[in-house]
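Position chain Z relative to chain F; hints supplied.
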Amino acid sequence: MLGSRAAVERTHSPRPVFRDDCLDGRRMFVTGASSGIGRAVAVALSRRGARLVLNGRDEARLAETQGLLAGDGHALAPGALTDADATAVIVKDAAKGGAFDGIFHAAGFFQVLPAKITKQAQLDGTFNASVFGAYGIARAASAKAVLANGGSIVFMSSIAGEHGSAGLTAYAGAKAAVLGLTRALAMELAPRLVRVNAIMASTIETEMHERTMENAQMDYVAMNLARHPLGFGKPQAIDDAATFLLSDASAWMTGATVAVDGGYSAG
Amino acid sequence: MSQAAFAPDTLAGRHVLVTGASSGIGQAAAEHLAAHGARLSLVARNPERLEAVRASLPGEGHSVHQVDLEGADSAADAIAGIVKERGAFDGAFYSAGATLVLPIRLLKDKHLDEVFGAGVYGAFGTVRALSKKGAMNDGGSIVVMSSAAALRGRPALAAYCAAKAAVDAMVRCAALELAPRKIRVNSLRAAAVETPLHHEYMASIGPEATRDYDERHPLGYGRPVDVAQAVLFLLSDASPWISGTNWAIDGAAAAK
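Chains as they are written, first to last, in numbering that gives the first Met the number 0: chain F, 0 to 266; chain Z, 0 to 255.
Bound-form chain F, shown alone (with noise of 0.2 Å):
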């Protein structure tokens, strides 16, 4: 069946691995909030004590991911990411509630467009809320009360930034340019201890996965399978790489593209 693997027998049964008060009273900024990863990793740090504020375009849907956080104090800061400026005026409006100790941007989407159609329109669609929303974090979390010293951001990237495909210009360009800024700002807010780094994402099965399987070609699928040897992932991939770079755990990670990909780019 497509879009899975046979389920090799695990020899244990998995457990949970991040305690629940490992982010305790951590106040974090989450975008794309509104569903997929944004919100995956949102419902999965409000589980481990942090203090969320949700920020996400759609207002009804981001709402809902506040539903299912776990604990209070919660709080929405919906509005699109539409380029650097605006983001960083969100991103400091929220802070105004306290810094922030951690930022996970996973504003964006995911669009196959062949080159040939690909106009000044597309490019801004697929940089705005990833690239731009990205340098406009990185604007406001250079000041100390917006992201506190010691703090961390995540960037969500993806293979595409450095595998490429057919109909993945705009998106491979978009995704490179978080990689670059990652190191960059890593850089420049070491100083501080702040660590920024990168998810480095596959295939992952969240809605917008399965608009994409929906409107592809069967051998599109299959072939992007087969890329992967561990099978598409879950979001909850996502939740724990973002807990761990949330957390205290990586205190000495900074500039890192941490691939989380079921061993796509090992080959």
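Each hint should be verified, as a subset may be incorrect.
The list that follows gives simulated cross-link-like pairs (lysine to any residue, SDA-like), each with its CA atoms no further than 20 Å apart [unchecked claim]:
hint	chain 1	residue 1	chain 2	residue 2
1	Z	Lys-255	F	Leu-178
2	Z	Lys-255	F	Gly-179
3	Z	Lys-255	F	Arg-191
4	Z	Lys-255	F	Ala-175
5	F	Lys-233	Z	Pro-179
6	F	Lys-143	F	Met-186
7	F	Lys-233	Z	Gly-138
8	Z	Lys-255	F	Ala-183
9	F	Lys-233	Z	Arg-180
10	F	Lys-143	Z	Ser-1
11	Z	Lys-255	Z	Thr-209
12	Z	Lys-255	F	Lys-115
13	F	Lys-143	F	Pro-190
14	Z	Lys-255	F	Leu-180
15	Z	Lys-255	F	Leu-192
16	Z	Lys-255	F	Met-186
17	F	Lys-91	F	Arg-138
18	F	Lys-233	Z	Pro-239
19	Z	Lys-255	F	Ala-189
20	Z	Lys-83	Z	Gly-60
21	Z	Lys-255	F	Gly-160
22	F	Lys-115	F	Leu-178
23	F	Lys-118	F	Gly-172
24	F	Lys-233	F	Met-222
25	Z	Lys-255	F	Ala-250
26	Z	Lys-255	F	Lys-233
27	Z	Lys-255	F	Pro-190
28	Z	Lys-107	Z	Ala-161
29	F	Lys-233	Z	Asp-236
30	Z	Lys-255	F	Glu-187
What follows is a list of derived Cβ distance ranges for each label pair [said to hold, decoys possible]:
hint	chain 1	residue 1	chain 2	residue 2	range
31	Z	His-110	F	Gln-119	43 to 51 Å
32	Z	Ile-103	F	Asp-247	34 to 42 Å
33	F	Gly-97	Z	Arg-44	49 to 57 Å
34	Z	Ala-87	F	Gly-97	46 to 54 Å
35	Z	Gly-70	F	Asn-148	42 to 50 Å
36	F	Gly-149	Z	Pro-195	23 to 31 Å
37	F	Ala-142	Z	Pro-57	51 to 59 Å
Simulated from the structure, these hints should not be mistaken for lab results.
Where a beta carbon is used, it is the ideal one built from N, C-alpha and C, also for glycine.
Just chain Z, lined up with the frame of chain F:
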């Protein structure tokens, strides 16, 4: 204020191999893994130091094995012997290996053998043994120590840099080979971590090289526990989909 991230029983009931366990990063990893419930089989060359480490570990059921991992075949045989004695592994952390500061114009066979011995051939032999039937449980995880040196050249470190790059490449292939059994294989590219090996290196270089080294570490030098945290993450159930990666855990040393 630092907050503990991992549940104390993260690795409860899991059997983990730790090589290079008598000092430095291997020792720190052994302590951290044992503190989170793992039952360890510890490997190193020096039996007294190994025993001292074992005695200091929390938990029970840890064993020590004096093994020289200099060659692939001898390493494979030794690990196979441990499996016979102690049962299959759920995880392995390979951190044996030597560093060597020597310009290329002075590098001879014996130097290359020394650096590639435990650092590369021993790693190959260990992964070989672990990939045999019954040596590692499906769903297990292997972590191999590498270094930012695999990516970033430095004068007089050619042998070490090459060895680390070799190990990273091996890890990528091993990940592909072991994926059908859901066994993950990853390497950790650390930069300078404050261990005896690090202090040896610092003592052997001049002030200019020291300054340069300091500057390559924007977040400062690492502590062994920083690396141990990443080892724990990769051996735990929080990373079942991470494989074939070479993690930079280096305070931005490789981002530079």
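Index of numbered hints that the structure contradicts, given in increasing order | Violated hints (numbers, rising): 12, 22, 26, 31, 37; every other hint is consistent with the structure.
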